[in-house]
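Based on the provided sequences and hints, a complete structural model is requested.
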Amino acid sequence: MFLSYLLQRITNAIFIVFGITTLVFLLIHIVPGDPVEVMLGETASISDRKTLRESMGLDLPLFQQWTHYISGLIRFDLGNSLHSRQAVSEMLLDRIPATLILSISSLLTAMLIAFPLGILAALYKDTWCDHSAMFVAMLGVSIPNFVMGPLLMLVLALWLGWLPVNGSQGWPSLILPSITLGTALAAILSRMIRASMLEVLQEDYIRAARARGLKPMRIYCLHAMSNAALPVITILGMQFGALLAGAVITETIFSWPGIGQLLIESIEKRDYPIVQACILLISVTYILVNLLTDMLYTIIDPRLKLK
Amino acid sequence: MKTAFQSFAMLVFLIWVILATFATLLPLNPDLVMLDKILIKPGFAEWLGYDDLGRPIVDRLIMGARTSLTVALIVVTISILVGTSLGVLGAWLGGVFDKIMVMVIDLFIAFPGILLAIALAGLMGPGLMNAVFALSLVSWVGFARLARVQTLTVKQCDHVLAARALGTPVKRILIRHVLPLIMAPLIIEATFALAGVVIAEAGLSFLGLGVQPPAASWGNMIRNGTTYLLIAPHVVLAPGFAILSLIISINMLGDRLRDTLDIKEQGNMLK
Chain A
32 MFLSYLLQRI TNAIFIVFGI TTLVFLLIHI VPGDPVEVML GETASISDRK TLRESMGLDL
92 PLFQQWTHYI SGLIRFDLGN SLHSRQAVSE MLLDRIPATL ILSISSLLTA MLIAFPLGIL
152 AALYKDTWCD HSAMFVAMLG VSIPNFVMGP LLMLVLALWL GWLPVNGSQG WPSLILPSIT
212 LGTALAAILS RMIRASMLEV LQEDYIRAAR ARGLKPMRIY CLHAMSNAAL PVITILGMQF
272 GALLAGAVIT ETIFSWPGIG QLLIESIEKR DYPIVQACIL LISVTYILVN LLTDMLYTII
332 DPRLKLK
Chain B
11 MKTAFQSFAM LVFLIWVILA TFATLLPLNP DLVMLDKILI KPGFAEWLGY DDLGRPIVDR
71 LIMGARTSLT VALIVVTISI LVGTSLGVLG AWLGGVFDKI MVMVIDLFIA FPGILLAIAL
131 AGLMGPGLMN AVFALSLVSW VGFARLARVQ TLTVKQCDHV LAARALGTPV KRILIRHVLP
191 LIMAPLIIEA TFALAGVVIA EAGLSFLGLG VQPPAASWGN MIRNGTTYLL IAPHVVLAPG
251 FAILSLIISI NMLGDRLRDT LDIKEQGNML K
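These protein sequences, in sequence, are chains A and B. Numbering of the first sequence is given in my numbering, commencing with residue 32 and proceeding in unit increments. Numbering of the second sequence is given in my numbering, commencing with residue 11 and proceeding in unit increments.
Misleading hints may appear alongside valid ones.
If you only want the chain A side, here are some residues facing chain B, beta carbon under 10 Å, derived [stated by the list, open to error]: (1) T82; (2) L83; (3) M256; (4) A260; (5) V279; (6) I313.
To list a few chain A residues with every Cβ distance to chain B over 12 Å, as calculated [stated by the list, open to error]: (7) D108; (8) S115; (9) I132; (10) P181; (11) A239; (12) A273.
Hints listed in this document are in silico derivations from the structure and should not be mistaken for laboratory results. Note that beta-carbon positions come from the ideal geometry of N, C-alpha and C, so glycine has one too.
Pasting the structure below:
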């Protein structure tokens, strides 16, 4: 039962990856803009253009280009940069660690903010504590990261001088981007944790634990939290895509040398193969993370496996 | 307390809408360059100060609100029309059409929307129209999914079955008997989509892919101002707080609508 569900989810994911690959391919080829012109400049002669076009396979019918592209992908060949002629896969590998570090640390930052906020709001429901926590959460969802980033930079880096302004100065330079990127997620999570915690606190086993005279701290942290965390995992998986997309803007603000910055640089230079590869990488990561959370969810909650 | 906040939010939202609507009638000079006023700080006579080219920030802020809300209105309207039609038709017709609909919806949902918009706007070249197109292309999906699920439920309702049995034309059933019942969640979705599109447009403009200078947009004002963050923070702070106030007010209105248009209550009304 569990296995067939897993198999179905995996086939589904493969179908979606395939669909996105094709969608991205079509987008790049339908959208106006000539890679040959990008490479040679507007002044190039017609015969030069023709030679280059043929050598790149751009004169072939669309379907044939597509099969080339797909067969390349299967061999992890993402083509070469139009500008530096460097292999796109190498360029991506260079940038992946930075984005990975940033996303993980944002995720941790978000959880570090959301759990105390959500739990406190649930425990002290309808008090000023709850109201102010939820107001902070409302602020958090409403502030775009391109406002949050400059604001943090201004106050914490420029005015107070506590933290470095941007990338490449060791772990302290990770703090501002992580808060910037993690804020929205923290806000969504804390609402979710509050709702989930409120539901769990009504359960019989919590009342039983109270009746047994367990310390409140132990009840909340052990009995309530481990159950309230379940729906939160799903949200984490779903929001990871938003996090990755937000990384594009955050990396631009803080000159963080990750995939997002590469994407924006390549868009400005009209370097299509890199743009295509970046979008593909982010989407595939997103789909994989969702698949993993689904599986994790089933493993953590044994009740689902029994059904 | 909560209602007081919500009324305040309503007021803020209305002020922005009125300013945006009548922006062209106001004596504004958003593009007037005054070299003697470059980066002048906010004050009593200077209002919100001047930017790096000596242009008045208040004027640009109001024109920016106009850009922002116009884009949001167009994108949400297109999305709601296209998304709802496709969703309702998919659920109503079923069969192959619905299967394809579900596949397309799944595909788009599996894709971080703003990323697709960034890529599209980037590849088609920066510009307002391209941004509108890119944002519409990713925003219709939410409405389609919602409309489809809602229609599937309403389709089974007795009054719809009765209408079908009486031979009412499909068009009339959909417009008179289905749409009114699925409107409430769609309106709530539209409110949050409005906030989403405002942020997305500003985000695109911030990345240099949306509204192009010298036209004013909150996004490109922030982009412009980050260069002068240390010496003239007001150039970033003004549009930053403007967008924050608009988004908070829209989100609070959405929450209010969700409370008043509660779908469960509507279910009770049907009985």
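Hint check results:
1. T82: 25 Å, violated
2. L83: Result: violated, 20 Å to nearest chain B Cβ.
3. M256: Hint on M256 of chain A: violated, closest Cβ of chain B at ~26 Å, above 10 Å.
4. A260: 24 Å, violated
5. V279: 6 Å, holds
6. I313: 6 Å, holds
7. D108: Since the minimum Cβ distance to chain B is about 21 Å, D108 of chain A lies beyond 12 Å and the statement holds.
8. S115: Since the minimum Cβ distance to chain B is about 19 Å, S115 of chain A lies beyond 12 Å and the statement holds.
9. I132: 19 Å, holds
10. P181: The claim is violated: P181 of chain A sits with its nearest Cβ about 5 Å from chain B, within 12 Å.
11. A239: Consistent with the label, A239 of chain A stays out of reach of chain B, its closest Cβ about 30 Å off (over 12 Å).
12. A273: 6 Å, violated
When each numbered hint is compared with the structure, violations occur for hints 1, 2, 3, 4, 10 and 12.
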